[in-house]
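Just so you know, the sequences run in chain order A and B.
Taking the working numbering, I'd label the letters of the first sequence as residues 1 to 357.
Taking the working numbering, I'd label the letters of the second sequence as residues 1 to 257.
If you're looking for bench data, these hints aren't it; they were derived computationally from the structure.
Be careful, since some hints might not be right.
With a cut-off of at most 35 Å between alpha-carbon atoms, the simulated DSBU-like pairs for lysine-lysine come out as follows [stated by the list, open to error]:
id : chain 1 : residue 1 : chain 2 : residue 2
1  : B       : 124       : B       : 5
2  : A       : 346       : B       : 18
3  : B       : 69        : B       : 79
4  : A       : 281       : B       : 145
5  : B       : 69        : B       : 123
6  : B       : 18        : B       : 69
7  : A       : 281       : B       : 123
8  : A       : 23        : A       : 79
9  : A       : 346       : B       : 145
10 : A       : 296       : A       : 281
11 : A       : 102       : A       : 74
12 : B       : 172       : B       : 5
13 : B       : 79        : B       : 18
14 : A       : 74        : A       : 281
15 : A       : 346       : B       : 124
16 : B       : 123       : B       : 5
17 : B       : 172       : B       : 18
18 : B       : 139       : A       : 281
19 : B       : 124       : A       : 281
20 : B       : 139       : B       : 69
21 : A       : 296       : A       : 346
Some chain A residues close to chain B (C-beta under 7 Å, calculated; not the full set) [what the hints assert, rightly or not]:
id : residue
22 : 220
23 : 273
24 : 274
25 : 278
26 : 354
27 : 355
For every residue, glycine included, the Cβ atom is placed at its ideal position computed from N, Cα and C.
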Amino acid sequence: MGGIVPVSRAPFFFRGYDFPMKKTLGRVATALLFLWITAATALAAEADYDAVFREANDLMGAGDLPAAVEVLKKVPAPKAGEEGDAFVRSRMQIAKLHFAAKEMDQALTAAREVLAIYPDNSEARNFVASVERERKPRYVIFFQDCLKFLPVLLKGAMMTLLLVVCTMLISPLGGLLIALGRISTFRPLSALCWFIIWLFRGTPLLLQLFFIYYGLPSLGITLKPFTAAIIGLGLNYSAYLGEIIRGAIQSIDHGQTEAAKALGMTYGQAMRRVVIPQTYKRLMPPIGNEFIALIKDTALVSTIAMVELMRAADQMFNTYFNVTALILAAVIYLIFTTFFTFLFEKIEHRAGIYERR
Amino acid sequence: MSDVKPLIQLENITKRFKSLTAVNGVNLAVHPGEKLVIIGPSGSGKSTLLRSINFLEEIDDGVIRFEGKEVGYVRRHGKLHLDRQQIVCRLRAEIGMVFQHFHLFPHMTVLGNVMEGPLTVQKKSAAEAREIALAMLAKVGLTDKRDVYPATLSGGQKQRVAIARAIAMRPKLMLFDEPTSALDPELVGEVFDTIHALADEGMTMIIVTHHMGFARELADRVIFMEGGNFLAEGTPQEFFAEGMNNERIQSFLNRIL
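Excised from the complex, chain A in its bound form (with noise of 0.2 Å):
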């Protein structure tokens, strides 16, 4: 509520004041004066006040806001069946005018005063309503913004989540992939390896990001955004799980595979069956540090036209310029983060079982 609307936007009568509403407040009150002025032609009894205004007006000019209020008290309470614009235009001027002051009760005594006569009248009604939120304690207003920003972060959380485990799943097969074939004997398949590893790991996440979406493109290839996410963070981390895991494989003692050999298992079967459960313990606490870095770095899919949390919470705050919108961002975030490695401590817990004496 009460969204920044740029000065030169507001009616005259407005400009220089800031307040919640001002663009709606703004289009009631010059709908108002349209009236009031084509009432004024038609009522010569009511021109008497256009003197009123115009000298309050002047006021206002020159900044004595008091004074200008004093000057629009002189309009009375219309009698009954009296038209009652200049009334209305009257109070709700004074009522803006404390509320530009911060003088907050007078600002509401004012706008009661039309409500007052005329229960129905919208613009006092909207003044009063936002007044009021303005006089409500902050962790109400808080709370308020939580509620109304959850519904569209909790969706770009679920798009983050959706990032998060995708990646998850597809890194560690790509890793374990990359890792196998740098440790091949095979020349040009560990060369290959080496060239995916340096290429993924010495360029910006980013970079690759854009490549790929608006890159691609241009040689023919055109992706979905989730698409390009998922290939951009699966390769990168691919490649940092590659150089994880071909250093876990390493550090197994060879005599596990000699001892594999030795009962007739092939390579691969050494692999799948000694090696590899093997570096299972050995890989969580890195792996774990990797994907909590993963977590946060979905964030740079949101400059491919991804809607996750990152940018729906950047559009909350740039369309409510309110830093609640951050902070829930924030605290969802720690949630992933937190859910992630409590995950990752319990299977690294479970991995390691049979070291236990």
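Starting from the known structure of chain A, arrange chain B on it as the hints suggest.
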């Protein structure tokens, strides 16, 4: 013995590590049921020779015959290359090996370790592999340890599991690479007894060891190796009673015993 075909026959085996010649043109024949013990100072090439027999070391020259057939290598441009993986694996499956440092699979239970060969290599069903493994564990006296992980075992128990794992493949030949060298002295006995029991069943075995009990009580034949060559060969009697009338062997035995 000469009328029986040797189980394994090595001709002119040579293995070089860069400038060092670890095994220098060795010839050896082991007949079915024979127990051969190889002794010698460390660095003499015993382990390398043993490891060449199941292709864990790729030899630079020579011929390996298994049951009379030349196996494991193809000669290309005058150089030896290890044969296809499948063929080498099939040969290794017929030869059991026990290592100095056991090399049990730490992520599998004792039973899992012993089942692994029949299950993965011989593609036996889980039930069948389990049956074999339980029989092997009974043989080495570790049935009660079947569900624990190797980390909880003593060195002697680990080595007995390693023996059970090797014999579960029903190998025709067993290779022991210093099976008791990594054990505390009081644990040597149980492993020695296990190997002794295996020998009594008629298993063909080649044992590289510093433990003279093997040579004295188990061996049909003892070979003394030094500098990549066989320095002497004889019955245990000839070795320990007479020291082969060789100064080097006598000084080695004096240091060990």
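Each hint tested on the structure:
1. B:124 x B:5: Judged against 35 Å, a Cα distance of about 30 Å means the pair holds.
2. A:346 x B:18: Answer violated: residue 346 of chain A to residue 18 of chain B is near 47 Å, above 35 Å.
3. B:69 x B:79: holds (19 Å)
4. A:281 x B:145: Holds. Residue 281 of chain A to residue 145 of chain B sits at ~24 Å (cutoff 35 Å).
5. B:69 x B:123: holds (25 Å)
6. B:18 x B:69: Answer holds: residue 18 of chain B to residue 69 of chain B is near 30 Å, not above 35 Å.
7. A:281 x B:123: holds (28 Å)
8. A:23 x A:79: Distance of about 31 Å is within 35 Å: holds.
9. A:346 x B:145: Holds: residue 346 of chain A and residue 145 of chain B sit about 27 Å apart, inside 35 Å.
10. A:296 x A:281: Within the cut-off at roughly 24 Å; holds.
11. A:102 x A:74: Holds: residue 102 of chain A and residue 74 of chain A sit about 22 Å apart, inside 35 Å.
12. B:172 x B:5: Holds, at about 14 Å.
13. B:79 x B:18: Holds, because 16 Å separates the two Cα atoms, which is no more than 35 Å.
14. A:74 x A:281: violated (83 Å)
15. A:346 x B:124: holds (34 Å)
16. B:123 x B:5: Given that 35 Å is the threshold and the Cα spacing comes to 30 Å, the pair holds.
17. B:172 x B:18: Holds, at about 33 Å.
18. B:139 x A:281: With a Cα-Cα distance of about 33 Å, the restraint between residue 139 of chain B and residue 281 of chain A holds, given a limit of 35 Å.
19. B:124 x A:281: With a Cα-Cα distance of about 29 Å, the restraint between residue 124 of chain B and residue 281 of chain A holds, given a limit of 35 Å.
20. B:139 x B:69: The given pair, whose Cα atoms are some 32 Å apart, holds under the 35 Å limit.
21. A:296 x A:346: This hinted pair holds, its Cα atoms lying about 21 Å apart.
22. 220: Violated - the Cβ of residue 220 of chain A stays beyond 7 Å from chain B, reaching only about 42 Å at its closest.
23. 273: This hint holds: residue 273 of chain A lies near chain B, its Cβ roughly 5 Å from the closest one there, short of 7 Å.
24. 274: This hint holds: residue 274 of chain A lies near chain B, its Cβ roughly 6 Å from the closest one there, short of 7 Å.
25. 278: Holds, about 5 Å.
26. 354: At 4 Å from the nearest chain B Cβ, residue 354 of chain A passes the 7 Å test, so the hint holds.
27. 355: Holds: closest Cβ of chain B sits about 6 Å from residue 355 of chain A, inside 7 Å.
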